[in-house]
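Kindly produce the complete structure, drawing on both the sequences and the hints.
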Amino acid sequence: MYSNDITKDLLEPAIFGTTEILKAVKANAPTVKRVVITFEESQKDPVAGYYGSKKLAEKAAWDFIEAEKPAFEMTTLCPPMVYGPALQEVKSMSNLNASSTAFYALFSGQQKELKNAGVWLWTDVRDIAKAHIAALEKPRAGNERFLIREGRFSINYVVDFIWKHYPERAQAKGIPKPSQSVAFPETGTYHPDNSKSKNILGIEYFPIERTLVDTLEQFVVLEKELGVESSPSSERH
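Per my numbering, numbering through the sequence shown is continuous, rising by one, with the last residue being 249.
Misleading hints may appear alongside valid ones.
[To be verified] Taking lysine-lysine and the DSSO-like style, the derived pairs with C-alpha atoms no more than 30 Å apart in a straight line are:
{"#": "1", "residue 1": "Lys38", "residue 2": "Lys81"}
{"#": "2", "residue 1": "Lys45", "residue 2": "Lys81"}
{"#": "3", "residue 1": "Lys189", "residue 2": "Lys124"}
{"#": "4", "residue 1": "Lys38", "residue 2": "Lys67"}
{"#": "5", "residue 1": "Lys142", "residue 2": "Lys71"}
{"#": "6", "residue 1": "Lys150", "residue 2": "Lys208"}
{"#": "7", "residue 1": "Lys103", "residue 2": "Lys124"}
{"#": "8", "residue 1": "Lys45", "residue 2": "Lys142"}
{"#": "9", "residue 1": "Lys71", "residue 2": "Lys150"}
Because the hints were derived from the structure by calculation, they are not lab data.
Structure, rendered in structure tokens:
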């Protein structure tokens with residue numbers, strides 16, 4: 013989200029939008045025991061102002077809890093890039109969510125240039141769903157902050173998987189092969205600790221292979237249902 017006024021268009025809506033919800037809960041919902049808030053990094057908005065708004069909104073939320081000491085607890089979930097199959101009805105391959113659109117652009121052969129999302133960490137959307145439920149139900153999750161992430165991610169994983177398991181399709185559609193230009197940096201990447209989410213929330217993360225299997229197989233099913241022209245063979249090997 014590009015803006016000429018980062019404070020007005022990004023920071024203030026994110027911060028006040030979060031704190032006003034907490035104020036409303038405190039004032040009008042005395043039976044609420046816990047509020048769970050997700051602060052994610054969106055692939056659509058890779059600019060510093062957007063990232064800053066998420067950080068400051070979360071800080072404002074914790075400042076509210078510290079200053080106001082409401083009767084309810086708060087839990088925050090912080091996922092990086094989120095991937096996985098779509099749950100909502102898909103009426104067109106053009107109305108997939110952002111991460112699925114990026115994967116399908118490669119799977120369909122429309123995207124010939126490999127680009128990373130700018131965040132080396134990922135998690136499956138189904139793990140986020142499980143984390144939300146656990147954050148509400150687990151007694152120890154109250155007033156805690158959780159990083160929800162499975163591990164490292166590179167777009168090379170996607171095209172490598174396509175070439176291994178859909179070779180005829182990859183050949184027919186000219187899908188690019190893994191490239192050193194989008195590989196992990198030689199200097200290394202970060203490995204934030206996710207043990208807290210495992211120990212307290214009980215999350216057992218989907219591996220990237222499972223996420224890719226389920227996502228790409230869903231693409232094949234959707235292509236058939238929607239009458240989208242595919243390659244000579246879209247069967248997974």
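Right, here's what the structure says about each hint:
no., hint, verdict
1, Lys38 / Lys81, "holds (9 Å)"
2, Lys45 / Lys81, "holds (13 Å)"
3, Lys189 / Lys124, "holds (9 Å)"
4, Lys38 / Lys67, "holds (22 Å)"
5, Lys142 / Lys71, "holds (24 Å)"
6, Lys150 / Lys208, "holds (13 Å)"
7, Lys103 / Lys124, "holds (25 Å)"
8, Lys45 / Lys142, "holds (19 Å)"
9, Lys71 / Lys150, "holds (23 Å)"
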